[in-house]
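With these hints in hand, go ahead and build the complete structure from the sequences.
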Amino acid sequence: MSASVLPAASRPFVAFPTLLREHGFAVSPDQTITFLEAITVLGPRSLEQVRQAAWATLAPQPHQRETFDALFDFHFLGGVAEPGEADDWQPDEEMKVQEDAGSREILIGEEINETGQQAIEAEAWRSAPCARRMPAMSSPVSRGICRGLAASARLSLPAGAAGASIDLARSLRAAIRTDGDVMALTRRRRTSRPRPILLMIDVSGSMKNARMPISRWHIQSCRARRAWRFSPSARASRGSQGR
Amino acid sequence: MTIRALPNGLSSPEALSEALRAAYYLADDGIATAAFLSLALGKPLLLEGAPGVGKTEAAKALSGILGRQLIRLQCFEGIDASAALYEWNYPRQMLAIRQAREGESADLYRDDFLIERPMLSALRRPESTVLLIDEIDRSDHEFEAFLLEFLSDFSISIPERGTLRAAERPVVILTSNRTRDLHEALRRRCIYHYIAYPDPQREAAIIMLRSSAVAEATARPWCALWACCGRSP
Chain A
311 MSASVLPAAS RPFVAFPTLL REHGFAVSPD QTITFLEAIT VLGPRSLEQV RQAAWATLAP
371 QPHQRETFDA LFDFHFLGGV AEPGEADDWQ PDEEMKVQED AGSREILIGE EINETGQQAI
431 EAEAWRSAPC ARRMPAMSSP VSRGICRGLA ASARLSLPAG AAGASIDLAR SLRAAIRTDG
491 DVMALTRRRR TSRPRPILLM IDVSGSMKNA RMPISRWHIQ SCRARRAWRF SPSARASRGS
551 QGR
Chain B
18 MTIRALPNGL SSPEALSEAL RAAYYLADDG IATAAFLSLA LGKPLLLEGA PGVGKTEAAK
78 ALSGILGRQL IRLQCFEGID ASAALYEWNY PRQMLAIRQA REGESADLYR DDFLIERPML
138 SALRRPESTV LLIDEIDRSD HEFEAFLLEF LSDFSISIPE RGTLRAAERP VVILTSNRTR
198 DLHEALRRRC IYHYIAYPDP QREAAIIMLR SSAVAEATAR PWCALWACCG RSP
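Same order as they appear, the protein sequences are chains A and B.
Every letter in the first sequence is one number past the one before it in my numbering, and letter 55, counting from 1, is 365.
Every letter in the second sequence is one number past the one before it in my numbering, and letter 73, counting from 1, is 90.
Just so you know, the hints here were simulated from the structure itself, not pulled from any lab data.
Among these hints, one or two may not hold up.
Claimed, not checked - Chain A is faced by these chain B residues, among others (derived, beta-carbon under 10 Å):
{"no.": "1", "residue": "SER29"}
{"no.": "2", "residue": "ALA32"}
{"no.": "3", "residue": "THR50"}
{"no.": "4", "residue": "ALA51"}
{"no.": "5", "residue": "PHE53"}
{"no.": "6", "residue": "ALA57"}
{"no.": "7", "residue": "LEU58"}
{"no.": "8", "residue": "LEU62"}
{"no.": "9", "residue": "LEU63"}
{"no.": "10", "residue": "ARG206"}
{"no.": "11", "residue": "ILE208"}
{"no.": "12", "residue": "HIS210"}
{"no.": "13", "residue": "TYR211"}
Fair warning: this is a prediction, and the values are worked out from it, not measured in the lab.
C-beta atoms are modelled at their ideal positions from N, C-alpha and C, and glycine is treated no differently.
Structural data, given as C-alpha cells:
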C-alpha cells in the first residue's frame, strides 16, 4: 500500500502549482506529477534546473513567462506560505446597497461585515514600516511606492471635523422597526476603513528594469488579506478579478 | 513513474546539449532540459516559436543523435486522419477482387493493401523512428482533438484490423509557429519549450557553428577596408 502523506521535501514542489493556480495559471494535477517526475529525473543540482523543469512541464505561455518567473522566485527564493492557509478567506462586502420602494440608501458603519481579526491584520500590514512589509525591495521604484503608500495612509484617516452627528437615515430605519417609536437617535461613527490603493502595472518594454520589484510588490499585496487584483487583457476589452 | 533508458552518453541535459552541438545544433539550457525530459519521461516534446528559430532543426538534430529515421508529418489546413494515419490501396484491392477465383474470398485487408502514413509508421517502428508533427497550428481543431487521443496512449484503431498499440512510446516532436493558441489539453500532454529569437551573442555563436566560413568571408573585405584607412575594426 502506498503512503498517503506527502513527504515534507516534496511539499514546496506541490505547493508551487497551487500558487500558480491562485494567480490564474491553468495547471492540471497531471502536470504537477510530471513536474515532480522531471525533478526526480534531473536530480537538480541548482534552482535554475528546477526552474527549467517547471518551464518545460507546467508550460506557461510566453506572455505569462514574466509572472511565472516572479512567482517562482517568490515561492522558492522568498517566504513560502503553506497552501490553503488563506483559502477560506472571502473578500468582505464593504458596502451594501439596499433598494427599497423609491429609495436607495447606502449602509455603512455597523452594517459592514468585517471580522475583527481581518481588520486587525489589514491594519497591522498597513501600519508596519514599508521596509518590513516589503523587505525584498530596495530600488528607487520601490521607495517611490513606499512614499506613495505613506501619503495614501495619511489621507485615508482624516481628523474628525465637527464631531458625531445624528444619522437620520439609520434613526428612521430603527424607528420603522419599532412601529414608528423613536427609541434613540443613532449617531454617525467614524470608521477607519483603509483607502483602497489602485496599482496599475505597466508591463511594456520601457518598464523592463522595474519589472521584478513591481512584480514582487504586486504578489505581496495580493497575499494580503484585503487585496483584489484586476487583470485586463491585452486590449483591455475585458478584465478578470482575482484575489 | 516510468523513466526510459536513454542512449549511452545522454545521461543529463548537459550531455544532450553537447551531443546536439556535435550535430550542429546549438541548444540552450532550456531546450536541452526539455528535450532530455521528453526522452526520459517518454512524453511528446512541443516546441513553439516564431518561424525560423530552429524548431524543425532541433527535431532533425535529435533524430540524428539518436540514430533514428525522422518521419515528418507536415500539417496543413484540412489535414485529416487518412493523411496522418493510413489509407487502403483501393486500386490494388479492386485488382485482388478481379483476380480471385469464383467462390473464393479475397482478403482485402492484408498488410500489403495498407498504405502507411507517418503516424502509423512511427507507431509500428517506435524504436527506430522520430515522429515530427510539424506546424500543428496550421491544422484544424478536429485534427488537434484526434492527436490528443493518439498522444495519450499511442494506439490506433483500424476498424478492419483492430487496435494497433506501440510496443514502446515513440519519440514525438510537435512544432507550432503560434499562429493560433493550441488547446490546453494538448499542451498538458507534452513537455513544452518556447524558442525565442536568439540574442546577439547567441546568434553569433550559431553563425560560427553553422557557417563560420561565411562570417569569415564577410569579415575579410571589411578588415581590408579598415586596414586601408589605417585603423582596426
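Outcome of the hint check:
1. SER29: Given a least distance of 8 Å, the restraint on SER29/B holds.
2. ALA32: Constraint on ALA32/B not satisfied, violated at 12 Å.
3. THR50: Holds, about 4 Å.
4. ALA51: Check passed: Cβ of ALA51/B comes within 4 Å of chain A, closer than 10 Å.
5. PHE53: At about 8 Å, which falls below the 10 Å cut-off, the nearest Cβ of chain A leaves the hint on PHE53/B intact, so it holds.
6. ALA57: holds, 5 Å
7. LEU58: holds, 6 Å
8. LEU62: holds, 9 Å
9. LEU63: Check passed: Cβ of LEU63/B comes within 8 Å of chain A, closer than 10 Å.
10. ARG206: holds, 8 Å
11. ILE208: Because about 5 Å separates ILE208/B from the closest Cβ in chain A, which is inside the 10 Å limit, the hint holds.
12. HIS210: For HIS210/B, the interface hint holds, since the closest Cβ of chain A sits about 6 Å away, which is under 10 Å.
13. TYR211: This interface hint holds because 5 Å falls under the 10 Å limit.
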